[in-house]
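With the hints as extra help, turn the sequences into a complete structure.
If you want the building blocks of each chain, they are given just below.
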Amino acid sequence: MVTTVTSYGRSGLSDWLVQRVSAVILAAYSIFMVVYLLLNPEIVFAQWQALFDNTGMRIFSLMALLSLGAHCWIGLWSISTDYLKHFALRFAFQMVVGLLMFIYTIWGVQLLWGL
Amino acid sequence: MLTVSIYRYHPELDAKPYMQDFQIDTGGKDLMVLDVLNLLKIKDRGLAYRRSCREGVCGSDGMNINGTNGLACITPLSKVVKNNKLTLRPLPALPVIRDLVIDMDQFYKQYKKVKPFLLNDTPAPGIERLQSPEERAKLDGLYECILCACCSTACPSFWWNPDRFIGPAGLLQAYRFLADSRDTATEERLADLDDPFSVFRCHGIMNCVTVCPKGLNPTKAIGHIRNMLLTRAT
Amino acid sequence: MTNILRKMSYEAIVIGGGGAGMRAALQLTEAGLKTACITKVFPTRSHTVSAQGGITCAIASNDPNDDWRWHMYDTVKGSDYIGDQDAIEYMCSVGPQAVFELDHMGLPFSRTEEGRIYQRPFGGQSKNFGEGGQAARTCAAADRTGHALLHALYQGNLKGGTTFLNEWFAVDMVQNDDGVIVGVVAICIESGETVYIEAKATVLATGGAGRIYQSTTNALINTGDGVAMGLRMGLPVQDMEMWQFHPTGIAGAGTLVTEGCRGEGGYLINKDGERFMERYAPNAKDLAGRDVVARSMVLEILEGRGCGPNGDHVLLKLDHLGEDVLESKLPGICELSRTFAHVDPIFEPVPVVPTCHYMMGGLPTNIGGQVLYPESESETRIIEGLYACGEAACVSVHGANRLGGNSLLDLVVFGRAAGIQIEKSMREGYHAEAASQANVDAAMVRLNTLNRSESGESIAEVREELQKTMQLYFGVFREGESMQKGLELLRELRIKVANLHLQDKTGAFNTDRIEALELQNLFEVAFATAISAEQRKESRGAHARNDFTERDDENWLKHSVYYPTEERLGKRDVNFSPKTMDAFPPKIRTY
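Residue numbers (this note's numbering), protein chains in the order written: chain A, 180 to 294; chain B, 3 to 236; chain C, 1000 to 1590.
Hints in this document: simulated from the structure, not taken from any laboratory. One or more hints might be untrue.
[As the list claims (entries may be wrong)] With a Cα cut of at most 27 Å, we get these calculated DSS-like pairs of lysine-lysine:
id: 1; chain 1: B; residue 1: Lys43; chain 2: C; residue 2: Lys1504
id: 2; chain 1: C; residue 1: Lys1033; chain 2: B; residue 2: Lys117
id: 3; chain 1: C; residue 1: Lys1158; chain 2: B; residue 2: Lys115
id: 4; chain 1: B; residue 1: Lys114; chain 2: A; residue 2: Lys264
id: 5; chain 1: B; residue 1: Lys45; chain 2: C; residue 2: Lys1495
id: 6; chain 1: A; residue 1: Lys264; chain 2: B; residue 2: Lys115
id: 7; chain 1: B; residue 1: Lys18; chain 2: A; residue 2: Lys264
id: 8; chain 1: C; residue 1: Lys1270; chain 2: B; residue 2: Lys31
id: 9; chain 1: C; residue 1: Lys1467; chain 2: B; residue 2: Lys31
As structure tokens, this is what we get:
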């Protein structure tokens, strides 16, 4: 069995599942946003703020945000193990991706809740 | 006259591989690609390729024929030749020993990794282990694999991770034993496969299905393994 | 020229990675002996993989009352009474155990509704000692039984931890000063390195040599390497005139379509659409012995009732079986027919012609696989350190004609038996003196000569000449005068074979060198065949002579034994002493 220390989850299966579930959430979020914007072509800031004041919307957004982080991490980690054959290079790439995902997630949470 | 362009490399004589062109008279017959190689070998005794059964069951002569992996002995010229030109290269992704002969160690290692043998912890009966025709039918499309490596060497995931991704051929055999009602090591087998590389590097590209000379479907088998892993985890 | 070769040491080596070799290797590895299986192709590329129809054995699945003695009767009759009855008794009685072991190893046999192994009818099978009609005794994994068996054995060996030397070619055996076999000189094909592989026990499981003929169902690798190694060492071979021509090789291509086609209900027709086997074998019809069917087909063709523009083949009709039966029971045949005969058996009959298929003869052995040197008609001595099993051996269970499905049984039963015998011998403290440098040098002579060749004969041309000669003069029907002519041609060829020009002298994966060595092996086998065929002056089993059309039990109820050193043909008594029953006496053989 191949070591799992570098993977996101505890196993290939959970990585695979997370990848799929997060993809569905991201797709749903994207569709929602596109449809919402189409239905409200003349949107103003107050309306936009009201939308994100809604707790349900905040949960949905947070879910999408976490999904994005996980999805990117697993995807880019996979790609790096395919194409970056030099260990140091791959490690550095993964560190940068990991750090970016962490920063984006925290930043996103801050934006959502205005902490 | 048919132009046959062949990948040549001899580790003792050549610094690097090159393509060599031959002209050959097929006598207007629709020969198999292997027949063409055999004719060329009469002229060029140094031409190296593997062959054995010449009827598509031993899996020796897998090679890249006009860009697609296949068995030379059951590939007629009419199926592959365009513009009167035949290009033969060794199967991709594995090291070349000489000409069309590749070093298949990595491929065999991945096969061995899936424990390709029946494991049963109950004492063997005095006769065969009974199996219904329906249970046996689950092995159809799996046990017929001839280990020619056409599939694994056509798989980009195997190209990038030949040491960690088991590849379509090995996974087909992994499922062949998971699906066998006489095998009792399902849990152990699944546990061995549940890492990010062994199975999950399959991205469903399906080159394996396209090239398999026996018409087998490793992608489907991999899907079955994934479902078994999912069922096991939930 | 002296080469100091690198030496590798094992207790036992098995040369050949086909069914017999791998079964022997498995037995030896499981016994804890340090064993290596030396094979010139990766094991699953061995010719066993091409076996289709099945493995015949009285496991009493199709018929709960089936009896291994009935199977024994069929085999003795099929052999035209020169099969050794003690060996046939052993094979038929141990067979079920060996087959069940294969199932336990994972072989995916087809199944009956009761969950047991599916058995199909094959030629020459009967119930109740020929009195009870057609039996169905051939255990099958669809029509890919050989493939399934070979892979199951390889998998069993992986599980058992056998050491494989894959893509190593055995050149010649090494004999110590006492005449005991102590290993082989072999070439690692990948690197070209030549190594002395020392072993206390050497098992020859090198298979057949169908490539001596131009038209053969055999793989390109079937070049009789083991038998030829024995012949070069001066060891006699037995019943070499007995070559089975399989009735249904695809015309032109030579690839096999299984007897199982006829077992499942297919039959042969001539150009008039007549089911002609009804005339030649009124009872068994298309399921008569293979020799009988093959001869009948040739007669049809010779008498102008052949099919096709040249009238050179007959047709195997299968379409009446329906698509379901063909796709479930004979899927591989459908595939082969489409590829090589360009016909779809679901709609059209398959053009077939008798094609060289199996070598009944080989190195004479006892039941434990020990190679024997026949000193006289009734006495033999054991060649120490040397074993043979499978097609390379003549134990002899097939006599003058092998029954379909008996070859796979032969190889698992006697591969296993050789392993058991070696284990016993090692436990009893078998010892052999080590080989001297001179002994190893002796095994290098052939290779050295070839490696030094500056000019000489073309390998491809000589091989073609040899195959043509055998096809023309030693085919299905034989005749004294033409065989003598063939022999003359072979004697001329012998000089050419000794003078081959090896153009490629490099090391890595040099197939020119391997083909040259294989051609020399083919020649040895062909020559032994020719002498034996010319001198057996009767017709029996697969050996059919136009000048001696009758079976001659008075003079020839014997094995033939070819002594290569003197180019002499001797005789050896057939065993008529099974251990647990009375022998089957020779009868007129009809189907």
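Hint check results:
About 15 Å separates the Cα atoms of Lys43(B) and Lys1504(C), which keeps this hinted pair within 27 Å; it holds. Taking the CA atoms of Lys1033(C) and Lys117(B), the gap is near 22 Å; set against the 27 Å cutoff, the hint holds. The hinted pair formed by Lys1158(C) and Lys115(B) meets the criterion: a straight-line CA distance of about 11 Å does not exceed 27 Å. With a C-alpha separation of about 25 Å, the suggested pairing of Lys114(B) with Lys264(A) holds against the 27 Å cut-off.
A C-alpha spacing of about 19 Å is found between Lys45(B) and Lys1495(C), which places the hinted pair at or below 27 Å, so the restraint holds. With a C-alpha separation of about 23 Å, the suggested pairing of Lys264(A) with Lys115(B) holds against the 27 Å cut-off. A distance of roughly 23 Å separates the Cα atoms of Lys18(B) and Lys264(A); the hinted pair therefore holds under the 27 Å criterion. Distance restraint check for Lys1270(C) and Lys31(B): the Cα-Cα separation of roughly 25 Å lies within the 27 Å cut-off, and the hinted pair is therefore satisfied.
Of the pairs offered as hints, the one joining Lys1467(C) and Lys31(B) holds, with about 21 Å between alpha carbons and a cut-off of 27 Å not exceeded.
Going down the numbered hints, you'll see the structure goes against none, and every one checks out.
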